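Undergrad: Chain order of the listed sequences is A and E. Everything in the first sequence is counted per the working numbering, starting at 712 for the first residue and increasing by one. Everything in the second sequence is counted per the working numbering, starting at 30 for the first residue and increasing by one.
Be a bit skeptical, because a hint or two may be false.
Stated by the list, open to error - Below are the BS3-like pairs computed for lysine-lysine, each with C-alpha atoms no more than 30 Å apart in a straight line:
(1) A:Lys-1169 with E:Lys-84
(2) A:Lys-926 with A:Lys-905
(3) A:Lys-1202 with A:Lys-798
(4) A:Lys-981 with A:Lys-798
(5) E:Lys-259 with A:Lys-872
(6) E:Lys-84 with A:Lys-905
(7) E:Lys-259 with A:Lys-1174
(8) A:Lys-847 with E:Lys-259
Worth flagging that the hints you see were computed from the coordinates, not collected in a lab. The structure presented is a predicted model; accordingly, all values stated were derived computationally and were not measured.
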Amino acid sequence: MTQPRYFRAARMTAASLAVGAMLLTGCTANVAKTGTSDAGANASAFLTIPREDMGTFVQNFNPFAPTVNPMVQQSIYESLLIFNPAKGDTVPWLATEWKAAEDGKSVTFTLRDGVKWSDGQPFVADDVAYTFELQKKIKGGFEYLDTVTAEGNKVTFTFNKPWSPALYDVGQLSILPKHIWSALPDPEKDANAKPVGTGPYTEVDTFQAQSFVLKKNPNYWQPGKQKIAGIKMLAFAGNDGANLAAANGDVDWAPQYIPNIEKTFVSKDKEHRQYWFPATGAMINWQLNTTKAPFNDVDVRKALSMAVDRDQVTKIGMSGYAKPADCTGLSGNYETWKNAAVKDNCTWTNHDVQKANELLDKAGYPKGADGKRTFKDGKPFEFKISVGATSSDWLSVANVIAQNLAEVGVTAKVESPDWAAVVAGYETGDFDSGIVWSANDPSPYKYFNTSMGTATVKPVGTKTFDNYHRFGDTKADALLSDFAAEADESKQKDIANKLQEEYNDVAPLVPLFSGPEWGAFNDTRFTGWPTEDNPYATLSVRSPTTVLVLTTLEPRK
Amino acid sequence: MRFILRRLGFYLIAFWASITLNFMLPRFMPGDPVSRMFARSQDRMQPEQIEALRKLLGVDDRPMWEQYIDYMHNIFTGQMGVSISRFPTPVTEVISSQIGWTLLLGGTALVIAAVVGNLLGILAAWRRGGAIDSALPPVLVFIGSFPYFWLAMGALYLFGVVLGWFPIRHAFTDGLEPAFTWEFIGDVGAHLVLPALTIVLVSIGGWMLGMRNTMIATNSEDYITMAEAKGLRPGRIMLRYAARNAMLPSVTSFGMGLGFVVGGALLTEVVFAYPGVGYQLLNAVQGLDYPLMQGLFLTITAAVLLANFLVDILYVRLDPRVRSN
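Bound-form chain A, shown alone:
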């Protein structure tokens, strides 16, 4: 009898694997490390950026894709203007100027001369008009937009009502080339594998599931600002891998959340590594379901807010990177809009246990002999705070709040299923309270509209996608419609001041802290990064300001 075949095969496999393993270990000696400071190498190096939430890339550069590939809306397509929240200013981009009509019902943009698409075709007003037509057809939105008319180098947007928030809304949409997109039979489903755009880096090169490169647009309108050879994106299946790459010096830009950044990132190379977390993100709120008692009582909302120690919340929950909220409810993104009087005389967002106790006593929720409060029907004052299980930072925020509340005799239980379940509860109104983000726009209109405008309030059971806490205030409504109709910014600011007073009175939700915009960089190879002293953009790689960084950086000489 001969030896069984499977056994012989197994032995051969084992032998060849052993040889293979030896070969492999020999091979690894020449794995090169990046991060040199050689001027010649820097000039031809690619700006390397990790993407921490895409394990793999698919060659799809369609801006209508819900999870769009990185840099499609930052480096390939550009918008008419760019709002920079770090400085609060607006940079003209594909448009050189714009003018709102007296009646607030239209705005006219003048397009920049000499802009070309990366295939050499001229950029024209018709491209802008077509983009909005396509956007409305595929993605919807822009309900206020009546018509978009192109005339010479001017584009006029006409609204069906006076609508000043439109400027940034239309101004920051990525413009697509009509001559390419109008030829596609199914634009929303096209992979757009070889995109044509006006941006600085448009040419897709060496595309693989784990990385891809964008090279220079040969027809860019500011050729003097394309100082980098190209952008290389790396795919990572989570923060850990991306953080390791950043710590190891393999990437130039690290826009993801890095815990304990001083130690894990900066300390490895103090000379070249920096981080900057401006408070320009959305306001993060603790939202109470105001359709339920006792959250429908403003005194209870204010009392609970006073029980929260925001210094502790930002220090423990957010590693000290976030800024505590004040009574205007506005995040650092709206620094220039804040009503100084409301901010300076703030009461209910300051930590004040005694006052919180007094307010709760007054509202009729007495403390029992065991130090715990009860509802009016005698049941214990207990409710849930829901947060998605994957948001570890917000989970610790909720836990700090629960501890704070215990000091005033209120029991909060932190509930953390998957985000899908949490959000399903928010959307239908089936929740007690939760940690929720808020709208973040150049103007504070949307923030106030979704936190206290009655138009955004839906009855419990009907799905809503904003105003989860379901709070509406008719006084705010009047101010909001005045704001929308006002084109003059100084007058808008007067109305915004009144909105903040109203917000301060009714406390629609409990603002916690301004979300930080994460960002860190390593200037070994490229210089010219935005910093706190030179805030020409934030360090985000997903916002409209990203293109400002891409056109400022240059290789280190």
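We have chain A; now place chain E onto it with these hints.
TA: For chain E alone, kept in the frame of chain A given last:
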């Protein structure tokens, strides 16, 4: 032959049951993909766009049975639809562009762990109480009981970051064009070492112990004593008489393991940023991407069932008792 046909019938029913479950499970999960996407994008998506998106993605409110019929029809015509989280890329394209890496990583690790583990098990049982038998099992079980994530991170840090022996991410050096050259194959191999090694480390103990224990039982059988009495060479008795009969459970495990390779080693892919399907599956579940989830589950189910069927056929050859039944 009748045995094989009977098994085939059983697998067909199992396949139907699993694809039906595959249809139902994601639909029982709370929330829907569009609101999930909205929550993830936080303030970056307009609420007005949600209805349009819902229509675009075909998240439908049709009755379940209609969706079910459609679903069955699509499966048998090979249309798995369009991935929601990677819209508008077809599910088949998402899976096919990445499954090769998963198969390479999982397959290599499985073969090494099974072959080396079984050989060690055979040796340990044969020299019972010897050096291999007393030292290796506790060590391997100790390593195997480490949380995988921790072990992988540790290996990555030590061998990748501190010592710099192996690359720390991806399946090959970024920017290299895939090609059948020694340079590229060597590069892929170098990138494979750490992820494969960590999987082998945690799984090898199981293979070794399983083999050792069945070998010990086999060794006490009369035919082994008989073979020894006849004066056959010990090596021949060990491999041909004892190990061959003790192999059966290992063959089953190998078949199962082969099926599960398709699902990907999720944690490995996350730690080493390996471009396989495991992480894609996690993403699909988190994003409630029904079509991608279903496509992946279907691939995994089919692979597991197919591997088991092959093991069944192999059993007919290996184990005469199966034939006589």
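Undergrad: Go through the numbered hints given earlier and state which of them the structure violates, listing their numbers in rising order.
TA: 5, 7, 8
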